[in-house]
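Colleague: Spelled out, the chains give:
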Amino acid sequence: MKLSHLVWREIVHRQGNFCLMLMSVILAVACGVCAITLFDAQHQYNQQQVGVLDDEIRKITKNMGFNILILPRDQNLADFYADNFAAQTMPESHVEQLAKSRDVFTIRHLRPALVRKLVWHEQKRQVILMGVRGVVPFAHRNPKKPLADPVPPGKIDLGHLLAEELAMTPGQRVTLLGVDFEVNKVNPVRGNKDDITVWVDLAQAQQMLHLPGKISMIQALECNCASVDRLAEIEAEVSGVLEDEVQVIELATKAIARAKARTRVSAEGEARLQRWRRIAAAVIPSTIVAAGLMVGLLSFANVRQRLQEIGILRALGLRSNQLLGVLLAKPAVVGMVGAVFGYLLGIGGAWSLEATWFISADSQAQPQWIFKFTVLLVVLLLTPLLTVMAGWLPAFYASGKDPAEILNLE
Amino acid sequence: MLLELENVNKTFSCNDHPVRAVEDLSLQLDRGQFTAVCGPSGCGKSTLLLICGGLLRPETGTVTLHGHNLLSLSTENRASVRAAHIGFVFQQFHLVPYLNVLDNVSAASLGLRSGSTEDRGSMETRALELIDRFGLRDRIRHLPAEISTGERQRVALARALLNRPKLLLADEPTGNLDEDNSQVVLDHLQEFAAADGAVLLVTHDAAAASRADCLVRMAGGQIVDPVMSKGEM
Ligand SMILES: Nc1ncnc2c1ncn2[C@@H]1O[C@H](COP(=O)(O)OP(=O)(O)OP(=O)(O)O)[C@@H](O)[C@H]1O
Ligand SMILES: [Mg+2]
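For the record, the sequence lines run as chains A and B. This note's numbering puts the first residue of the first sequence at 9, with every later residue one more than the last. This note's numbering puts the first residue of the second sequence at 15, with every later residue one more than the last.
Isolated chain A, as found in the complex (with noise of 0.2 Å):
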């Protein structure tokens, strides 16, 4: 026979005890593990929500383009709304002196551009002429990929409605305030002023419009930055190179719409997660505590109800550290399976409790199961030894006894 089969013996004839000890530990196991795995689920909540909104942004901004707009400090307001183009003009130079400038982080993508509305007297319509040319990269910062592509001279882009309505395709020759251009190509739709716009080189609108070095505006679209005043930011640093000759405007566009909520989203998503941080934090300790004292008072009362049989085994000869280790073994045994079981009933709880507080009703995601290796390795490791911990000072207590002492009692 051996020690081992001892403590089985001893787990199977009180079963009560055993299994009232091992779902103390399960709970306990279950609570934390819980706990870790609902911080872990929110966390990879957070980054898909601000992953999709990013995304979202990505698309947007594509398609949408600049939603910044520098433009001379002297143009009203009033009638660039208005007239959808600034008058007023500036020196074509400020887009260099931006570009080159290492003060300025708050925009990207600059832009200039001379604009008018005038009449299309070969077509006799209203357009909106914009002269354009490449994007200016900042000079001490990676060249991003263009938001727009520059017009080749002598070449002429068309806004979508305003071909259809022309019946006018790329390759075709058109004459504009007497200049002959060749389609260069058709936008698609975009449903806003765009479509009733032509795009030509910038510097051959200046030469048309007998405004040589000037331009009107300069686009530019604004980094993600999360300041609540983004635009006076932007303002700021932008005056700080061209010292008050412009001023700057912000579109509403739904990129910005979507940075805002990108903002939030992280901003919730981070106050979710530190609270779930402090929920962990007090149910991790908590648990271990009431399990330990919970494994600790049935040990206790075990030992007491053994107590006969381990005056019985100590006159057999048995030596005190082996009873010591027959007493130890329930509560190892118990902190083993206990982690096992609490550790899956932990990921089971968390993965149904995402289900009802991470994913909306009409959202199509399903719960994931969140496996962490180390939480499982850290579990099943401590769980024993806490448990063993925990029936410690009873089994030293009864191991040392003396066995007259104890069978004498009667």
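A couple of the hints might just be wrong.
[To be verified] As a list, the in silico SDA-like pairs of lysine to any residue whose alpha-carbon atoms are at most 20 Å apart:
{"no.": "1", "chain 1": "A", "residue 1": "193", "chain 2": "A", "residue 2": "209"}
{"no.": "2", "chain 1": "A", "residue 1": "409", "chain 2": "B", "residue 2": "91"}
{"no.": "3", "chain 1": "A", "residue 1": "409", "chain 2": "B", "residue 2": "114"}
[To be verified] Far from chain A, by Cβ distances over 12 Å, these chain B residues were calculated:
{"no.": "4", "residue": "44"}
{"no.": "5", "residue": "93"}
{"no.": "6", "residue": "117"}
{"no.": "7", "residue": "134"}
{"no.": "8", "residue": "143"}
{"no.": "9", "residue": "221"}
{"no.": "10", "residue": "224"}
{"no.": "11", "residue": "231"}
Simulated from the structure, these hints should not be mistaken for lab results. Note that beta-carbon positions come from the ideal geometry of N, C-alpha and C, so glycine has one too.
Given chain A, put chain B with the ligands in place with the hints provided.
Modeller: Leaving out everything else, chain B with the ligands in the frame of chain A:
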């Protein structure tokens, strides 16, 4: 001399009222000797047996077993000496309640120092042999609570014999047995003594006492008659 007690005194104090269970008692027991102890209830027979087994510590006197001074040994070493050299049949049997008959008998081997797997195997065989011998074959898987008092007593005896001890201390091992089973047990004790073991048997039963080589009468914690050998009884 296998066992030697010299001027042993043991007093229990119960509610500040001292009870002298064993008083200035000396006793010697040699290999091959089968000694019976009898006397009225409460005269200290069980106490004497526990002292011989190193389970009770007398206030004064010495207990020597097989050259070991039992009282000067550490608790752990005393446990080892007990496991190796002494078989104990308690008056209350003291079986482990959750072990079946076979396991209860085998449990005696747990305290042995060197326990190789072969030893374990042979111990198991020996346990089965003893169980057979005491007519418990068909009770092998029963728990102590599921067998009769007489059967428990035989299990306790089988357990005491498992490790082939040098000294067998038996407290009323036939107290609950019928004639036939008593004979089996007493035969075994005699056989054990004949095989160079020493037996100290506590009994009320005159027939049982008559099987012993010597008889010791106790009263009030003391040996009243000088030790009688078989012829004198
Ligand atoms: N643990 C104890 N505490 C107090 N008194 C005890 C204890 N054990 C025994 N005694 C007392 O010591 C005396 C001797 O007891 P013991 O059990 O040795 O008697 P016994 O001869 O074996 O009796 P019986 O034949 O009834 O078994 C008794 O008076 C008993 O009351
Ligand atoms: Mg007695």
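Colleague: With d taken as the least Cβ-Cβ distance between residue 143 (chain B) and chain A, does d exceed 12 Å?
Modeller: holds (15 Å)
Colleague: Taking the closest pair, is the beta carbon of residue 117 (chain B) still more than 12 Å from chain A?
Modeller: violated (6 Å)
Colleague: Is it the case that residue 221 (chain B) keeps its Cβ farther than 12 Å from each residue Cβ in chain A?
Modeller: Holds, because the least Cβ-Cβ distance between residue 221 (chain B) and chain A comes to about 28 Å, which exceeds 12 Å.
Colleague: Beyond 12 Å from every Cβ of chain A: is that where the Cβ of residue 231 (chain B) lies?
Modeller: The claim holds: residue 231 (chain B) sits with its nearest Cβ about 24 Å from chain A, beyond 12 Å.
Colleague: Decide if the proposed pair is consistent with the structure: residue 409 (chain A) and residue 114 (chain B), CA atoms, cutoff 20 Å inclusive.
Modeller: It is violated: about 25 Å lies between the C-alpha atoms, which goes past 20 Å.
Colleague: Just want to verify: residue 134 (chain B) was marked as not at the interface with chain A; is every Cβ pair farther apart than 12 Å?
Modeller: Violated: least Cβ distance 7 Å, not greater than 12 Å.
Colleague: Please settle this one: residue 93 (chain B) was flagged as non-interface, so is its CB more than 12 Å from every CB on chain A?
Modeller: About 5 Å separates residue 93 (chain B) from the closest Cβ of chain A, which leaves it inside 12 Å; violated.
Colleague: Closest CB-CB distance from residue 44 (chain B) to chain A, is it above 12 Å?
Modeller: holds (23 Å)
Colleague: Just want to verify: residue 224 (chain B) was marked as not at the interface with chain A; is every Cβ pair farther apart than 12 Å?
Modeller: With a cut-off of 12 Å, residue 224 (chain B) remains clear of chain A, as the shortest Cβ separation is near 29 Å.
Colleague: Holds or violated: are the alpha carbons of residue 193 (chain A) and residue 209 (chain A) at most 20 Å from each other?
Modeller: holds (13 Å)
Colleague: Residue 409 (chain A) and residue 91 (chain B): Cα distance at most 20 Å?
Modeller: holds (14 Å)
Against the hints set out earlier in the document, violations occur for numbers 3, 5, 6, 7.
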